[in-house]
Amino acid sequence: GAVVSQHPSWVICKSGTSVKIECRSLDFQATTMFWYRQFPKQSLMLMATSNEGSKATYEQGVEKDKFLINHASLTLSTLTVTSAHPEDSSFYICSASPPWGQVNSPLHFGNGTRLTVT
Amino acid sequence: AQKVTQAQTEISVVEKEDVTLDCVYETRDTTYYLFWYKQPPSGELVFLIRRNSFDEQNEISGRYSWNFQKSTSSFNFTITASQVVDSAVYFCALVITDSWGKLQFGAGTQVVVTP
Numbered sequence: 001g002a003v004v005s006q007h008p009s010w011v012i013c014k015s016g017t018s019v020k021i022e023c024r025s026l027d028f029q030a031t032t033m034f035w036y037r038q039f040p041k042q043s044l045m046l047m048a049t050s051n052e053g054s055k056a057t058y059e060q061g062v063e064k065d066k067f068l069i070n071h072a073s074l075t076l077s078t079l080t081v082t083s084a085h086p087e088d089s090s091f092y093i094c095s096a097s098p099p100w101g102q103v104n105s106p107l108h109f110g111n112g113t114r115l116t117v118t
Numbered sequence: 001a002q003k004v005t006q007a008q009t010e011i012s013v014v015e016k017e018d019v020t021l022d023c024v025y026e027t028r029d030t031t032y033y034l035f036w037y038k039q040p041p042s043g044e045l046v047f048l049i050r051r052n053s054f055d056e057q058n059e060i061s062g063r064y065s066w067n068f069q070k071s072t073s074s075f076n077f078t079i080t081a082s083q084v085v086d087s088a089v090y091f092c093a094l095v096i097t098d099s100w101g102k103l104q105f106g107a108g109t110q111v112v113v114t115p
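Taken in order, these protein sequences are the chains called F and X. Quick note: the first sequence uses our numbering, first residue 1, plus one each step. Quick note: the second sequence uses our numbering, first residue 1, plus one each step.
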């Protein structure tokens, strides 16, 4: 079964509102989680690294004030898209890895969240 | 910086034909991992294989096979006797051990298998 749960699987919101996406590791603790974004017919691009108990690390070009990441526990990271606009419509997907050994740990992906901003 | 190139945007085949997806990567790191994922229309990423940079052994899993050649920085994927259910986007990805978890994905190749 799934080891990383992402919720919701899809969401439609109005322009200007905020949307929260959750990523949970179900049977392991993840000190680090990763958020990716995928525009239609494009590849997945890493947005940020979510670090439990500390600030997220954002990739170049990603607005940290727009994409708020909170990793308050070892099993949950949330991505909040603030003041969403139609151009934020995308597929967001998270991944997590057990901390043991770090390198060579399996990388588990959630099933993704399809966000549509109207 | 790492880079993964999947030059084939879309490949269309008739069922039972073989299809090979190319993946060429660039990295200055000597220790890295390569992945292949399948993304069906529903969107989830389905893990297919992981290979580390020290293991150039080719691998076969059912109808899937992979050819890893460090000399040409390639990690190609072949689907033998394709089926309609193989229709999906396939991504090749790379991660270096110093940045474990931060996958660099290729652009993806859309495979369309028609009956």
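Mixed in with the good hints, there may be bad ones.
[Claimed, not checked] List of simulated lysine-lysine pairs, DSSO-like, C-alpha gap at most 27 Å: (1) F:K20 with X:K3; (2) X:K38 with X:K70; (3) F:K41 with X:K102; (4) X:K16 with F:K55; (5) F:K41 with X:K3; (6) X:K70 with F:K64.
[Unchecked claim] Non-contacting residues of chain X with respect to chain F, defined by C-beta distances greater than 10 Å in every case (computed): (7) V19; (8) T20; (9) L45; (10) E56; (11) K102; (12) L103; (13) Q104.
FYI, nobody ran anything at the bench for these hints, they're computed from the structure. Predicted model only: the values in this text are computed from it and were never measured. We treat Cβ as the ideally placed atom computed from N, Cα and C, and that holds for glycine.
Here is how each hint holds up against the structure:
1. F:K20 with X:K3: Not satisfied, since the Cα-Cα distance of roughly 31 Å exceeds 27 Å.
2. X:K38 with X:K70: holds, 23 Å
3. F:K41 with X:K102: holds, 21 Å
4. X:K16 with F:K55: Not OK: K16 (chain X) and K55 (chain F) at ~50 Å, beyond 27 Å, violated.
5. F:K41 with X:K3: holds, 19 Å
6. X:K70 with F:K64: violated, 37 Å
7. V19: Given a closest Cβ separation of 19 Å, the condition holds.
8. T20: holds, 20 Å
9. L45: Answer for L45 (chain X): violated, closest chain F Cβ roughly 5 Å.
10. E56: holds, 17 Å
11. K102: violated, 6 Å
12. L103: L103 (chain X) not clear of chain F: closest Cβ-Cβ about 7 Å, inside 10 Å.
13. Q104: violated, 8 Å
Hint check: violations occur at hints 1, 4, 6, 9, 11, 12, 13; the rest are consistent with the structure.
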